[in-house]
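Enquirer: For reference, the chains in residue letters:
Protein chains: 2
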Amino acid sequence: MSTIKVGIVGYGNIGRGVEAAITQSPDMELVAVFTRRAPETLTIETATAKVEHMDALLNYKGIIDVMILCGGSATDLPVQGPELAANFNTIDSFDTHARIPEYFESVNEKALEAGTTSIISVGWDPGLFSMIRMMSGAILPVGEDYTFWGKGVSQGHSDALRRVEGVKNAIQYTIPMDEAVESVRRGDNPKLTTRQKHLRECFVVAEEGADLAAIENTIKTMPNYFADYDTIVNFVSEEELKANHSKMPHGGFVFRTGVTGLEEENKQIIEFSLKLDSNPQFTANVLVAYARAAVRMNKEGMKGAKSVFDVPLSYLSAKSNLELMRDLL
Amino acid sequence: MSTIKVGIVGYGNIGRGVEAAITQSPDMELVAVFTRRAPETLTIETATAKVEHMDALLNYKGIIDVMILCGGSATDLPVQGPELAANFNTIDSFDTHARIPEYFESVNEKALEAGTTSIISVGWDPGLFSMIRMMSGAILPVGEDYTFWGKGVSQGHSDALRRVEGVKNAIQYTIPMDEAVESVRRGDNPKLTTRQKHLRECFVVAEEGADLAAIENTIKTMPNYFADYDTIVNFVSEEELKANHSKMPHGGFVFRTGVTGLEEENKQIIEFSLKLDSNPQFTANVLVAYARAAVRMNKEGMKGAKSVFDVPLSYLSAKSNLELMRDLL
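Going down the list, the sequences are from chains A and B. Residue numbers are given in the working numbering: position 170 of the first sequence equals residue 175, and the series is strictly consecutive. Residue numbers are given in the working numbering: position 127 of the second sequence equals residue 132, and the series is strictly consecutive.
Note that these hints are calculated values from the structure, not bench results. Heads up, some of the hints might be wrong.
[What the hints assert, rightly or not] In silico PhoX-like links for lysine-lysine, alpha-carbon gap of 20 Å or less:
#1 B/LYS308 - A/LYS304
#2 A/LYS324 - A/LYS304
#3 A/LYS247 - A/LYS156
#4 B/LYS304 - A/LYS308
Could you build the full structure based on these sequences and the hints that come with them?
Expert: Pasting the structure below:
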């Protein structure tokens, strides 16, 4: 069997996770990692793969079957997504919710022109959580959705903390409220405020001589990020932050609580949850499964931009349809 | 918008559930219920739909867009599945695991000849549980699967009880062992015996004068059904059985516990669970969502037999791809 040739564009936490995920997939092979840095300054784990500057991407046209884009949604993907779709099958984890339809269109145009297949917004949210919400809503049309995130590190909220005057370093955990989760799980269909759903816990390293009370106040009253939540601020040393808070766990819960029957007399509850020791590695594993799907869809003539809603699940697997049906249906 | 015209073949618990599910789906319309009984003896809930004898099925060719087959897997579906696929798009919940590939082939042959689309083995297990197992295994290729069923009524085990000499009526609940579920949820990756995974609790109405000790012993030592489990036998009156055990709750848990990272250093846990007040109604709601998918796939030229692994999730929904992407991705 010839392997699927993969390129990684951007070598941060997710890029490194993709490299590790490929080692778990005997049908796939990492060909090159593309970086904005000077290639000779970057060491990767895969002895058989090359490190290339992003300027060399087009040299791999016809050689690499699928590019996995591991850049950020704010500035990298809006440019790279359409550009690379014009030359390769691509996978990305674009996650700026409000701009997804617009991003989809920009990638779709290039992919249709080029005859490539690009699956956008892949990961676990957007991604697996979206799939469960969509599927569950179609199955239980009369019902409510609930999504809880955490316990996990939110990069956006951690960044917001680091922008506060007097803060040297910081990390923020989003924590779902047990009581709210249990109420949904019981089928109470509660109306929950933002404050009732999640707690925010911050671990902050202050600059020397900084006014701790002022920092805490600034954080707790920060609009959008913290003001609507119960927020706990813990001041810790740089060493403690490094020792106890350098991992990137995450997870969450998606619920659909619906009713069925002519008199809507029966409650039906669907729950999906993730408990992840490493958010970037799990996201990477999802990206790699969808990379396999993109190559197969392209070979079968399914071209243009796609979302996770468009991909038959069998395309994620290296197993044949008969094996899947026999062993897993 | 013209509605999707649906026929129900077989009017037991699932058939009645499908009728109720259609009332929750404004894009669908029940045209007729087909029965083996004398049609005039059957009363249905939908004033605008007809009751027809199964012999009249072919009169609806070209009128009904999709037939939902609500018969049993043992004798009904092996005959009806291919026969109806030769004339209609169909959905069924064929659940004899070992015979799925063979059943698929028999339906596929007829559907391909006729240009129809038939989605087989739809429901929650096989069905949603299969999808989660398949998808999770593709995402976390290094890991373990666990499936627990219950708490819920097992028809097969209840039937086995009713065949015991001296038993007048009976019902059996399959109950997952909390300790086993918690161990999996913690990521212990336990090796679990059959006995450690599920408990079987029976509520038995004995014939007058029957030897209760003999009944209990026969049940607890029954091979395949009860001998490998801890089994609780409760003797109750017919009234008590009717009052407290006439509902059909069910549910269960699917887990994938995997590792990621170059040194497999991070645990990642995927969990999916269902808590259902009515097993047949929930199954029916799944069937109806896939009926929508079958009609759309057929219109788009995707013909032959399909399993849930072959159906893009967006096809389950009445919403447009743009709506799904904007509101649910």
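Enquirer: So, for every hint listed, does it hold in this structure?
Expert: Outcome of the hint check:
For a cut-off of 20 Å, the pair hint linking B/LYS308 to A/LYS304 stands: about 19 Å separates their Cα positions. As the CA atoms of A/LYS324 and A/LYS304 are separated by approximately 17 Å, the hinted pair is consistent with the 20 Å bound. About 18 Å separates the Cα atoms of A/LYS247 and A/LYS156, which keeps this hinted pair within 20 Å; it holds. For a cut-off of 20 Å, the pair hint linking B/LYS304 to A/LYS308 stands: about 19 Å separates their Cα positions.
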